[in-house]
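K.L.:
Protein chains in written order, with the working numbering: chain S, 1 to 330; chain C, 1 to 267.
FYI, nobody ran anything at the bench for these hints, they're computed from the structure. Bear in mind that the values here come from a model prediction, so they are computed numbers and not experimental data. Ideal Cβ positions, reconstructed from N, Cα and C, are used throughout, including at glycine. Honestly, I wouldn't trust all of these hints.
To be verified - If you want a taste of the chain C side facing chain S, the calculated C-beta under 7 angstroms gives, among others:
| no. | residue |
| --- | --- |
| 1 | A165 |
| 2 | M167 |
| 3 | G170 |
| 4 | Q175 |
Claimed, not checked - Selected chain S positions facing chain C (Cβ under 10 angstroms, derived; list incomplete):
| no. | residue |
| --- | --- |
| 5 | Y76 |
| 6 | R78 |
| 7 | V80 |
| 8 | N81 |
| 9 | T82 |
| 10 | Q85 |
| 11 | L89 |
| 12 | P91 |
| 13 | H92 |
| 14 | L93 |
| 15 | Y101 |
| 16 | M104 |
| 17 | I105 |
| 18 | R106 |
| 19 | R149 |
| 20 | L159 |
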Amino acid sequence: MPMSTAVLFKQVSRYFDQVKAVDKVNLAIQEGEFFAMLGPSGSGKTTCLRLIAGFEQPSTGQIEIFGEAVAGVPPYRRQVNTVFQDYALFPHLNILDNVAYGLMIRGIDKKTRYQAAEEALNLVQLSGFSARKPAQLSGGQRQRVALARALVNKPKVLLLDEPLGALDLKLREQMQEELKALQKQLGITFVFVTHDQGEALSMADRIAVFNQGKIIQVDTPQALYRRPNSPFVANFVGSSNVLPPEFVKRLGLPAQWASLRPEDIQLVHSAGYSATLLSHSYMGSANRLQLVLNDQVLHALVPHHLALPPDNSQVQITWQPSDLHLMESA
Amino acid sequence: MHSKAPWGLKIAAGLGLAFLHLPILLIFVYAFTTEEKSYQWPPPGFTLKWFGVAWERSDVWEALALSLKVASISTLIALVLGTLCAAAVSRTRFFGRETISLLVILPIALPGIITGIALRSAFNLADIPFSFWTIVLGHATFCIVVVYNNAVARFRRLSGSLIEASMDLGANSFQTFRYVILPNIATALLAGGMLAFALSFDEVIVTTFTAGQQSTLPIWMLEELVRPRQRPVTNVVAVLVVLMTVLPIIAAYYLTRDGEHSAGQGK
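Bound conformation, chain C alone (with noise of 0.2 angstroms):
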């Protein structure tokens, strides 16, 4: 039975869902407002034309771009090393698995600026100029963690005499790893995929320590604030960016918890 919620209660739910929310929907309205200097309110009318000037400016071009393409990579590299580094750590016992589950596990819990720095001060020490490929590697140090999460916990749920039974059946590694691990980890390596790319994609900190003189879309936004004109246009892509960040975010919260009924249960 469901006791119905004192008033009380329901009004701070909502409040706290109101803190939560609302500075999200100022900016969806604000990415309307035919007002370019400063944010005002109420706005003083509203317009299409900021999606319009976004569609032409070339920097928002380049910057998403760039935040793609750093995603994507950062995603898959993410993709291939947590999920070997999970498949050793769950299939196989050895000399120190319990520090390594806790190294790869750390990157997500210092504070960014912390890895910033450290790969800061890595890339200068080892003469390797900023560019691209520095931004993909921060990048990769916080993908592979949340692919690992999502890895490892479904390895652990997949019976060890599956592998063998495939074994048995004539498949070598090779083969039992394309018939009989990915479909059985292949939701938890969306999920982790998913949620590693909505992670690159907005990420600040760690970009700027290893940025050279591009800017990721988040960075492009950052330098646009202290910008005075058009500044709908920031909103405009704000919602872009809350719209390609949220959906794999819900989509990887669905995959993983149907993911609970359909592996493992080997037994």
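Isolated chain S (complex conformation) (with noise of 0.2 angstroms):
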């Protein structure tokens, strides 16, 4: 059975005076689907999520949620719920009530808000902190009460906003883990936007990788991966040897950009390419080397413990054939 397309956007653009912040995106995402935004800090990410909450509106081009045209509809007739980056708690309301917001919002009546704001609150194991008012909650508690104000209004998609950028390493860890358990939990379609390749690829089902306003790549993390498309994708989704034409085309192939992983290269005693070993440098869990073949550069990552021929000797190096992508675009 086919899902249906939470969010689409068609021929979508948004223009900032004479700068195409979103230029022509064409987009659909599935229900339930966790879906990242993937992309370097003005790459029209962030304004594609602020396009779906409302907040903008495009220039030209439709957005649809849920099969509906949603052309001048305010963000607050539109079934979606943003975790923002600030997390916009209210400062003058306890957590209960900044929780129990959007219902009272609705005229629910105290009884039913609060048992569903707690509920919520219980979702994010910050139960016992109702009372309390925001400033009084460290970043990754408030992170929390952002997300339980989202839910309790039980949207058909949730926005979050780099949602996980003001947290320190060990938190955002455990934050990730949490956070795509309770996408599966509760079945909501998530979009967020992160610049950060690691975040998307570890918790997205999907992602799009933006640059300059344009959507580059659409695909899962793993086929983005093991087959980006372009250069970019290959350096911004983990790195990448970035191989051009000419020194794909004396490997035999055809003369098209291609995408060789680090770790995908390997040292071996004979048949390989003989490449010259310039340097390397230790990196705990492995070593990281930098090669010459023909001119271009390598990085070869290898296991630590393999013995390494001294620098500026020369190695023979290989790489399965499948490991080599072949890029379409430059």
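Build the complex from these two chains, which are given one at a time in their own frames, with help from the hints.
P.N.:
So this is what it looks like as structure tokens:
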């Protein structure tokens, strides 16, 4: 059974004066999907999120949410809720009233809405904090409140704007797992914006990679990593050796750009390509090598226990033919 | 560590304070004097009878009522217009924003006499007869500034995403104002409103130019000074004015001070 489309972008553009923040974007986000919008800052991903929320209107093109065109529909009439980057908790309300805000606006009676708010706080493991003010919570706790405040409204789509950006590394990893589990449990479509490719790879079902207002590639994390369609994606998602067409041609392949992941390069004793080992650096779990093959600098990651020849000596390297991925566009 | 101030400094500070506040104290003392024709020092005797006399005089009541009405309505106008203005300047970007910000503040920087003359000639040109409303309009010009200044400072501390969050959670503009913006700027508005009220209540210069036959309390006092009879009544009223203006100002001071911590920590 095909799932229905939660969010659909048809040739959507958003200009700010002369700047094309979003440039003719086509996109279909499926219901129940954990969808990531990944890109460097200024690539248009946040503007796309704001277009879904209704804080921005497209300059041209059309957006549909569950099949309904939402042109001109204000944010307060859309069945989407947002977790803001700075959480945007109301400083004058306590945690319970913050979470119950959406229900209060909808005119739901005090008892029912407080009960729902308590349940939502339970869901994000923050029961017992109801009476506190946002200023009395840590960053991670505020983030959970923001999550509960959005989820209590049972949105059809939950938008998350760099939700983990302000947290420290440990907390971020923990929240990644929790968010993922929460999304599975609730089955709500999550759309989240991030500039952190690791975060996108570990959490999302599908990722759209943005650059300069355009979507460069939409794919699953595995496909994106294994088969990037362009040098930009190859470089932005993980690190890669982006090989120019001339180099690829000399390997006996079509003259196209190609991507070769550093961990796919192996050191062998014979029957490989003859390369020069320029330098190496110890990374803990691996050694990072800098090699030169046919005037092309290559980076390789090899297991840390492998004995290395001295720098500036000749080594034999190889890779699986399938690991060298030819890319469609430059 | 606080070191002890040298004696010279203490005396200088004492003299400074005395210079500022002794005249006010004198006004209080003369409210109780038995001498009614001139201000004689030391007062020949003390009496409470002037409070009774002031209570009996209808012109005092009329002036007081007028002043209260003018101050209340000007403050109300200032609260509405000042808040709207502050919201526009701090929440949106538009051409000429800085200029408008300056133009709004200007009336309080201008000498009252300029504002007064300007308003008087404007009213004349427009053929508007001087009345209660011309006084209110005159007062509103500087009351708006006070409210605006308080509100704009608070608006700037209010994180912009709070409003978006409210809209995102289903609240329309009115609900967002009622449940998010107003609670966060309430103390600033109260403080601004109190200052505006106090300013309006003892305003003389602009009132002189914009009033018709009516006398507000300060105008009434000026007129009383040239009269030879029942002088201490003026002092009784002065005591009243001091109390009515100082108390709101002190309250406003404490309200805005506490407000520093209560709003705008959206981050």
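K.L.:
I'd like to know which numbered hints this structure contradicts. Please list them from smallest to largest.
P.N.:
Violated hints: none; all satisfied.
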